[in-house]
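Novice: Each chain is listed here by its residues.
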Amino acid sequence: MRSGTAARRARLPWSWFGLVPFFGYVSVFFLLPTAVIAYSAFRVRGEGGASTFGVANMSAALGGAYLDALWNSATMSLVCAVIAAVLGMVLAYAVATSRGGLLQKLVSTSAAVLANFGGLPLAFLFVAAIGNAGVLTVFVQERLGLSLRDDLGLDLYSRGGVQFVYLYFLIPLMVLVITPAIEGLRPEWREAAEGLGARGWQYWRHVAGPALLPHFLGSIALLFCTAFSSYATAEALTNGTLAITPLRIDGALSGNVLAGQENLGAALALSMIVVVVPLTLLYQLMQRRSSRWLQ
Amino acid sequence: MVAVIGAPVAPSTVTPTAGAPAPTAAPPQSRGRVRRAGPPVRFWRGVVLGLAGLYFLGPVLVAFWFTVDGADGPSLAAYTRIFTATGFVDAMTSSLLLGLISVAITLALMVPTMLLVHLRLPRARPYVEVFSLLPLVIPPVALVVGVRGVLGWGNGSEFVEVSAVFTALQDKSLPLVLALMYVVIALPFTYRSLDAGLRGSKVTVLVEAALNLGARWPTVLWRVVLPALRTSLLNAGFLAFALVMGEYTIAKILIFPTFPVWLAQSGATDGQLQVALALLSLAVTWALLLIVVAVAGRTRKAKP
Amino acid sequence: MRRTSIRNAGIILVAGAVVLGSAACTKKADATASPAAAATATSVADVGGMEALIAAAKAEGSLNLIALPRDWAGYGDLIDNFGAKYGIPVTVDNPEASSADEVNAIKSLKGQDRAPDAVDVGTAFAISGAEEGLYAPYRVATWDGIPETQKSPDGTWYADYGGYISIGCDAAKVAVCPASFADLAKPEYRGKVALTGDPLKSNSALMSVWSAALANGGSVDNIAPGIDYFGKLKASGNYVPVKATAATIQSGETPIVVDWDYLNAAKTKDLANAGVRWSVAVSNDATIGSYYAQAISATAPHPAAARLWQEYLYSDEGQNGYLAGYARPARLPAMQAAGTVDPALAEHLPAVNVKAEFPTDAQATAAKNTLTQTWASTVQ
Numbered sequence: 047m048r049s050g051t052a053a054r055r056a057r058l059p060w061s062w063f064g065l066v067p068f069f070g071y072v073s074v075f076f077l078l079p080t081a082v083i084a085y086s087a088f089r090v091r092g093e094g095g096a097s098t099f100g101v102a103n104m105s106a107a108l109g110g111a112y113l114d115a116l117w118n119s120a121t122m123s124l125v126c127a128v129i130a131a132v133l134g135m136v137l138a139y140a141v142a143t144s145r146g147g148l149l150q151k152l153v154s155t156s157a158a159v160l161a162n163f164g165g166l167p168l169a170f171l172f173v174a175a176i177g178n179a180g181v182l183t184v185f186v187q188e189r190l191g192l193s194l195r196d197d198l199g200l201d202l203y204s205r206g207g208v209q210f211v212y213l214y215f216l217i218p219l220m221v222l223v224i225t226p227a228i229e230g231l232r233p234e235w236r237e238a239a240e241g242l243g244a245r246g247w248q249y250w251r252h253v254a255g256p257a258l259l260p261h262f263l264g265s266i267a268l269l270f271c272t273a274f275s276s277y278a279t280a281e282a283l284t285n286g287t288l289a290i291t292p293l294r295i296d297g298a299l300s301g302n303v304l305a306g307q308e309n310l311g312a313a314l315a316l317s318m319i320v321v322v323v324p325l326t327l328l329y330q331l332m333q334r335r336s337s338r339w340l341q
Numbered sequence: 012m013v014a015v016i017g018a019p020v021a022p023s024t025v026t027p028t029a030g031a032p033a034p035t036a037a038p039p040q041s042r043g044r045v046r047r048a049g050p051p052v053r054f055w056r057g058v059v060l061g062l063a064g065l066y067f068l069g070p071v072l073v074a075f076w077f078t079v080d081g082a083d084g085p086s087l088a089a090y091t092r093i094f095t096a097t098g099f100v101d102a103m104t105s106s107l108l109l110g111l112i113s114v115a116i117t118l119a120l121m122v123p124t125m126l127l128v129h130l131r132l133p134r135a136r137p138y139v140e141v142f143s144l145l146p147l148v149i150p151p152v153a154l155v156v157g158v159r160g161v162l163g164w165g166n167g168s169e170f171v172e173v174s175a176v177f178t179a180l181q182d183k184s185l186p187l188v189l190a191l192m193y194v195v196i197a198l199p200f201t202y203r204s205l206d207a208g209l210r211g212s213k214v215t216v217l218v219e220a221a222l223n224l225g226a227r228w229p230t231v232l233w234r235v236v237l238p239a240l241r242t243s244l245l246n247a248g249f250l251a252f253a254l255v256m257g258e259y260t261i262a263k264i265l266i267f268p269t270f271p272v273w274l275a276q277s278g279a280t281d282g283q284l285q286v287a288l289a290l291l292s293l294a295v296t297w298a299l300l301l302i303v304v305a306v307a308g309r310t311r312k313a314k315p
Numbered sequence: 017m018r019r020t021s022i023r024n025a026g027i028i029l030v031a032g033a034v035v036l037g038s039a040a041c042t043k044k045a046d047a048t049a050s051p052a053a054a055a056t057a058t059s060v061a062d063v064g065g066m067e068a069l070i071a072a073a074k075a076e077g078s079l080n081l082i083a084l085p086r087d088w089a090g091y092g093d094l095i096d097n098f099g100a101k102y103g104i105p106v107t108v109d110n111p112e113a114s115s116a117d118e119v120n121a122i123k124s125l126k127g128q129d130r131a132p133d134a135v136d137v138g139t140a141f142a143i144s145g146a147e148e149g150l151y152a153p154y155r156v157a158t159w160d161g162i163p164e165t166q167k168s169p170d171g172t173w174y175a176d177y178g179g180y181i182s183i184g185c186d187a188a189k190v191a192v193c194p195a196s197f198a199d200l201a202k203p204e205y206r207g208k209v210a211l212t213g214d215p216l217k218s219n220s221a222l223m224s225v226w227s228a229a230l231a232n233g234g235s236v237d238n239i240a241p242g243i244d245y246f247g248k249l250k251a252s253g254n255y256v257p258v259k260a261t262a263a264t265i266q267s268g269e270t271p272i273v274v275d276w277d278y279l280n281a282a283k284t285k286d287l288a289n290a291g292v293r294w295s296v297a298v299s300n301d302a303t304i305g306s307y308y309a310q311a312i313s314a315t316a317p318h319p320a321a322a323r324l325w326q327e328y329l330y331s332d333e334g335q336n337g338y339l340a341g342y343a344r345p346a347r348l349p350a351m352q353a354a355g356t357v358d359p360a361l362a363e364h365l366p367a368v369n370v371k372a373e374f375p376t377d378a379q380a381t382a383a384k385n386t387l388t389q390t391w392a393s394t395v396q
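Residue numbers (our numbering), protein chains in the order written: chain A, 47 to 341; chain B, 12 to 315; chain C, 17 to 396.
Honestly, the hints are just simulated from the structure, not real lab data. Be a bit skeptical, because a hint or two may be false.
[Said to hold, decoys possible] Keeping only pairs whose Cα atoms sit at most 25 angstroms apart, straight-line, the calculated DSS-like set for lysine-lysine is:
#1 C/Lys189 - C/Lys202
#2 C/Lys202 - C/Lys371
#3 B/Lys183 - C/Lys371
#4 B/Lys183 - C/Lys126
#5 C/Lys248 - C/Lys202
#6 C/Lys189 - C/Lys101
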């Protein structure tokens, strides 16, 4: 075979060419559009249609109702992420400690499917079930004389309703992400802890908790980003009436009311990116840290 | 919608039997089930699982009832109406083709790249990893703003060839621009899947062994590497395909009639049909995943 | 040795490909032939008369339109009749597209064969597109019959049809149909009132809110009372934030819909088979009127066909076609004076019992800004 350091060194630059297709592809189909977003966000259309550089669109995107929308997006996603993280972890733990291998396989398959099932079809399912003309709504109305919305405060077309639907794909995502970490908790640790006289909650507080914490926090970051970026579900459920940034971007880009506001759409997109980037980095960082213990 | 399956974990969880047995085995019982619990915990576990089942299965069952609840009693009319719905066949064909093309481009792009990185350029791995995870950072609803800008620039280009290419990419019946973008969006997940598969199957060792036994590179790639990677290839393919079939944001804002976009519009005229299709897409995704798992299981059993 | 020569060969190949490729690209300016006469024609006379225009349009062979649903203002029949009369096949892209999508399609499909030839957009988009130079000026033969305030002085856009904000109601599900904005707040309409979408995306929803403003002490310069009014309706549960469509009306989710009168009126016949008794009333306490506008794309792939389409739309036959769709054509006053209105069609327009306001574009921009800032927080 080949031998000699000289030949090896001469080969290295050649091999890097093999990565050109990959880096080229990502640059053209991802970095380029991103650059266009950053560029357009700072372009302002003046009178007569000419464009110049300016911060008018960015300041509009970061003020007034658009800032409210960004804040709404962030708080809604945070609430969903935390709830889904806690519930998902509880569910994952329940499944991991159960006896049936069949149950575990069933749950892992379902989780993979459901985590993927967000967006439109999910919204339609819920509308059919508990929407204004949904099966359950009508049933409750006719049999019990109660209105889901007025008497029980369950309004699918509100912020709370959208959050409720988001949980449907966020919880499975959490289960998928946290199960290997839970399975990575070695039984020896629990036995050792009990051997030293620790109770259940002490085990959790001092052993399992700290081991899982980075992974848990990282998962919250991932769930947050997923909820924050979701567009299809909210759009299908509320038809643009919910005040969150993805829907505002859609309104700026395509609609019958706001004319000539594409640069505002770019500014809004840039504001979303600025929120998501640090959280994605946080997620990556947490992944690295927790994998040290739980691999 | 974005970040779908939990990236770093999907491969090992989706195909639980496919963690390839490494020659240098990990210490036994270091992984596996958590310690089983006593009766009171079992009760709570039952409650948790019961509630979860209710929340996840409930809407599906109720929605199913919605689709079969016809004016003259229960019927499956909504499901048979699907095939005659205007635009369904075109939209479905478009999405299916886009899915297959996206999978093809993804594998053609990522498999050689990942192999090159693992076998020849381990130093490049961090860079490839960062580039693969970049798409997670930009939500599709934001990315499409940039894509529109690039498309507008290309369409208005003063070079005939350039605008002809851009025209072809935006053909209504098969918008290849969508396939190209979907490859990028699926990148974080397909990268993870292939990466986990390459690491788990200890490809470097296998390749060394094969080369030592005198095999040439083509043989090594075809008969050693690819079969070892079969599970993660299937996984990556499944992830990419499912993502394409469900992707709504970019297709809607660029106004291409793919299946999800058509599905959203169909509700304006036929609500039952819409929900029936939503349920079917859930069922089909499930079936696809079961096939992937089954094939993966068979791969495992085939090993001695 | 072999490796070096392979590498060299590769480098030469790639370099050669790049050089050849860049040399082979043709600039569009060199490649296109001189534009057809029709592309710069600003009236029928420029093309040499109606016969010449028809001939040129037939030679082009087709017409591309966009965002025209068949049941919108009678467009279904208008398109069919145009195609039959002149033998020119018409393709309608994206019937569900919005005005912004139409303008964007002109820009993003420039130079392609499937670019739209003519667009039907809201006035704001007509003005904004004209500023960007997207439209070709053209004055139809019946130009003088279009009121001055409803066309641009340079001929880049011109109103085609319009209507008033009305309240549509399913008499099969609602005992007494509301006739005014004040009625909508009544407790018996709880959970029944819907708009056609979010006012920040749907023009008719915007105008509905604005009409409510007029009915509640506001004016064309002050939309705030309308926003407050809908906030009140939402709080009392009367207003449901569901986008009203034919499906939601049929299912009973949205038995009362505030929308353009021509859209509401068209539903009466469409939904009669589904057990819906849809009645329409232009709100009696206040209403806003507004027109949509036609414009020809400056980069239309079929300029003669585009101009022939405009001539058809503004002819008596075309304008009566809008009437058949319950919309009020722009030339209605002129046609009534000349007696060319189809009397049966004019009869079936919903009655208007209140003086309607027609906001200018500047007022619309101000209203949109106010709406953008306060709608979400008031009506959530």
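Novice: Between the alpha carbons of C/Lys189 and C/Lys202, is the straight-line distance 25 angstroms or under?
Specialist: Between C/Lys189 and C/Lys202 the Cα gap is close to 16 angstroms, so the pair holds against 25 angstroms.
Novice: Sort out whether C/Lys101 lies within 25 angstroms of C/Lys189, counting only the CA atoms.
Specialist: Violated. C/Lys189 to C/Lys101 sits at ~42 angstroms, over the 25 angstroms cutoff.
Novice: Straight-line Cα separation of B/Lys183 and C/Lys126 no greater than 25 angstroms?
Specialist: 15 angstroms, holds
Novice: Take a quick look at whether B/Lys183 and C/Lys371 sit within 25 angstroms of each other, Cα to Cα.
Specialist: Violated. B/Lys183 to C/Lys371 sits at ~45 angstroms, over the 25 angstroms cutoff.
Novice: With the threshold set at 25 angstroms, check whether the alpha-carbon distance from C/Lys202 to C/Lys371 stays at or below it.
Specialist: 24 angstroms, holds
Novice: So if I understand the rule, the pair passes when the alpha-carbon distance is 25 angstroms or less; does C/Lys248 with C/Lys202 pass?
Specialist: With a Cα-Cα distance of about 11 angstroms, the restraint between C/Lys248 and C/Lys202 holds, given a limit of 25 angstroms.
Hint violations for this structure: numbers 3 and 6, all remaining hints satisfied.
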